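> As a plain string of letters, each chain reads:
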Amino acid sequence: MLKRKQAEGGPIKLTTGDRAFYMVNTILLALLALIVLYPLYFIIIASFSDPDAVLGGRVILYPVDVTFEGYAKILQRTDVWRGYLNTIIYTILTVILALAVTIPGGWALSRQTIPGKKFLMVYFIIPMFFGGGLIPFYNVMSSLGLINTIWAVILPSILSVWNLFMTRTFFESSIPQGLVEAAKIDGAGEFRIFTMLVLPLSKAIIAVMALYYAIGQWNSYFNAMIFLQNENLYPLQLVLKEILIASESTMGGSGETILEQYRLANQIKYVSVIVSSAPVMMLYPFVQKYFAQGVMIGSLKG
Amino acid sequence: MDSAKTSPAPVKKKGRWLKKLRENYPFLVMIFPAVLVVFLFNYLPIYGLLIAFQDFMPGDPILGEYTRWVGFDNFTRFFNDVQFWPLMSNTFLLCIFGFIIGFPLPIIVALLLNATKSRRTAKILQTIFNGPHFISLVVMVGMLTLFFGRYGLVNNIIAAIGGERVSYFLQSSAFRPMYILSSNWQDFGWSAIIYVAALSNVDPGQHEAAILDGATRWQRVLHVDLPAIMPMVSVMLIMSIGGLMGVGYEKALLMQTDGNLGVSELIATYVYKQGLTGVPDQAYATAIGLFNSIINVVLLIIANTTSKRFSENSLW
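Top to bottom, those sequences are chains A and B. This note's numbering applies: residue 1 is where the first sequence begins, and numbers increase by one. This note's numbering applies: residue 1 is where the second sequence begins, and numbers increase by one.
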């Protein structure tokens with residue numbers, strides 16, 4: 001990048017002030033990277049260190065007395081694996097339905113000739129700033145008969161108005177109008193244009209949307225918590241909530257028993273953090289450019 | 001929106017309108033599922049807000065023969081609730097402190113990233129900074145308990161240097177710092193993305209001209225980079241002021257313990273508890289929630305109008 005090199009003082013000799021600036025800049029950024037990475041690193045090494053060493057504060061920089069006991073324990077937790085399976089099912093269904101709603105919707109909204117365009121825009125903008133709130137939402141779900149079914153977790157997540165507008169912005173800026181006109185002259189109908197012409201050109205937005213909806217569903221717990229009573233339907237996050245966040249106030253007893261409870265519980269906590277976040281974290285470096293793309297599409301003013 | 005130029009001019013005659021409808025009905029078919037979903041999960045609940053003005057029992061129809069309207073009784077009850085001021089200040093303080101740290105941080109990080117010498121380093125750093133955004137709230141709070149619990153890493157360090165162990169989760173004074181720092185840890189990189197993108201669009205010529213004028217890199221940050229992202233900054237400012245009372249209660253709920261409830265109980269968590277747990281008092285909870293959303297809308301309008309007056313940046 002020649003331009004950047006120049007802008008960052010490439011060929012021109014650096015002054016002392018600039019050298020100090022770049023040094024401070026590097027130090028600050030390195031510090032930030034450390035702050036981000038160390039907690040994640042610690043969780044990883046703590047997950048396969050001896051729990052006593054972790055509790056005793058001997059695990060700081062590297063694993064101590066390596067053991068995979070925690071991982072063996074979590075393999076036996078049927079609730080975790082059931083939660084895992086449920087979450088995978090919910091996520092897949094959410095993504096399929098969400099794409100089916102968001103992509104055609106975004107395309108239609110991006111067309112100037114859609115009847116009632118003004119009305120539709122207002123219709124979709126209002127919910128971005130005002131809503132009924134928790135209780136009316138709960139009551140609607142209840143009267144739709146969705147309580148305690150998997151659809152209570154899936155259906156409310158299949159459309160985010162933000163994502164709809166992001167998709168619309170993408171279509172407005174990246175599908176050449178001339179191409180659409182040409183297809184029309186060739187006699188293609190609107191449905192045909194959408195499926196044969198637009199969809200093949202929209203892999204980027206489809207990927208971004210699929211990822212957004214998938215991560216959203218994978219990480220959510222609240223709707224499941226209020227709508228599901230049947231433990232067999234619990235998604236992973238809800239199971240994790242019970243493992244991870246047994247609050248300190250509920251741990252009774254004297255100092256000794258508290259310590260013992262900690263010993264047993266902590267290792268499984270470190271392991272469950274890893275096991276539940278692993279799919280997202282492993283996928284993340286490969287898909288992050290799509291996420292970032294999404295933020296950029298969203299920031300273009302439509 | 002360049003497609004506007006190619007679209008047919010608006011026609012008013014009824015026949016043309018019908019023809020237009022016939023030609024463009026496929027778009028209505030495509031948008032219909034989205035309209036339906038928004039109707040069900042966004043508009044029906046707005047209709048359900050009516051119960052805030054009723055003496056409502058769960059299971060009652062929203063508009064029925066026996067509906068008893070009570071006007072603003074549920075609201076006045078909330079204003080006289082002993083919890084009213086604590087809830088207002090808890091919600092407001094958590095948001096305002098979060099805003100003071102969380103708003104400038106991504107801007108600073110973006111400026112720092114933009115001023116690195118190699119683009120590759122900046123890319124790698126960004127990948128690292130964005131990572132925590134994808135950690136779920138449950139795992140995030142779980143991590144907090146692991147690090148700040150009585151036998152967590154932080155207490156181990158404190159004990160090692162001779163201090164007293166503290167259960168941070170039971171201490172109300174630790175709630176806001178833990179909440180805000182962890183939120184920022186998760187999202188500063190993510191929020192920086194749009195600023196980084198805006199900075200990468202800065203005309204290199206401006207930098208070259210500044211260099212020729214003898215500007216140092218620091219001066220260029222202040223006089224070239226920063227002005228370039230100001231429009232973006234004001235839009236984000238409006239948005240965050242609009243969300244000032246709409247803090248993420250899902251996380252607060254996870255972090256609540258008996259010990260920190262004095263500061264961790266927010267309007268939204270109170271709505272949840274009043275409306276869906278114990279003996280639910282749905283009309284009351286709905287009224288509180290409505291009060292909160294009205295504050296948000298008013299704040300947003302004020303922020304937008306102010307911004308419109310003093311600059312050219314606004315949401316609408």
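Please note that a few of the clues may not be correct.
[Unchecked claim] Calculated Cβ distances over 12 Å to all of chain A for the following chain B residues: (1) W69; (2) T76; (3) I128; (4) R176; (5) W190; (6) Y249.
[What the hints assert, rightly or not] Below, in silico cross-link-like pairs of lysine to aspartate or glutamate (EDC-like), each with a Cα-Cα straight-line distance of 20 Å or less: (7) B/K273 with B/D81; (8) A/K117 with B/D225; (9) A/K184 with B/D187; (10) B/K117 with A/E242; (11) A/K73 with A/D50; (12) A/K289 with B/D187; (13) B/K19 with A/E181; (14) B/K117 with B/E23; (15) B/K117 with B/D81; (16) B/K123 with B/D187; (17) B/K273 with B/D55; (18) B/K273 with A/E242; (19) B/K117 with B/D55; (20) B/K123 with B/D225; (21) B/K20 with A/D50; (22) A/K73 with A/E242; (23) B/K117 with B/D225; (24) A/K118 with B/E23; (25) B/K273 with B/D258; (26) A/K73 with A/D52.
[What the hints assert, rightly or not] Over the 12 Å line for every Cβ pair with chain A, so calculated as not near, a few chain B residues: (27) G15; (28) Y25; (29) V29; (30) V35; (31) E65; (32) Y66; (33) T67; (34) R68; (35) W85; (36) W218; (37) L276; (38) K308.
What the hints contain is simulated information worked out from the structure, not anything from laboratory work. This one's a predicted model, so the numbers in the text were calculated from it and none came from an experiment. Quick reminder that beta carbons are idealized off the backbone N, C-alpha and C, glycines included.
> Mind verifying the non-interface call on B/V35? Its CB should be farther than 12 Å from each CB in chain A.
The claim is violated: B/V35 sits with its nearest Cβ about 7 Å from chain A, within 12 Å.
> Check whether the Cα positions of A/K73 and A/E242 lie no farther apart than 20 Å.
holds, 16 Å
> Decide if the proposed pair is consistent with the structure: B/K117 and A/E242, CA atoms, cutoff 20 Å inclusive.
violated, 46 Å
> Was B/W218 rightly flagged as not at the interface, with every chain A Cβ beyond 12 Å?
Violated, because the least Cβ-Cβ distance between B/W218 and chain A comes to about 5 Å, which does not exceed 12 Å.
> Does the alpha-carbon distance linking A/K73 and A/D52 stay inside the 20 Å limit?
holds, 16 Å
> Is the Cβ of B/E65 more than 12 Å away from each Cβ in chain A?
holds, 18 Å
> Beyond 12 Å from every chain A Cβ: check whether that's true for B/W69.
holds, 17 Å
> Does B/D55 sit within 20 Å of B/K273, going by the straight-line distance between their CA atoms?
With a Cα-Cα distance of about 18 Å, the restraint between B/K273 and B/D55 holds, given a limit of 20 Å.
> Test the statement that B/G15 is away from the interface with chain A: the closest C-beta pair must be farther apart than 12 Å.
holds, 15 Å
> Verify the proposed pairing of B/K273 with B/D258, using a straight-line Cα cut of 20 Å.
Answer holds: B/K273 to B/D258 is near 14 Å, not above 20 Å.
> Looking at B/Y25 again, its CB stays over 12 Å from all of chain A?
violated, 8 Å
> Holds or violated: are the alpha carbons of B/K20 and A/D50 at most 20 Å from each other?
violated, 72 Å
Of the numbered hints given earlier, the model fails hints 3, 5, 6, 8, 9, 10, 14, 15, 19, 21, 28, 29, 30, 36, 37; all others are met.
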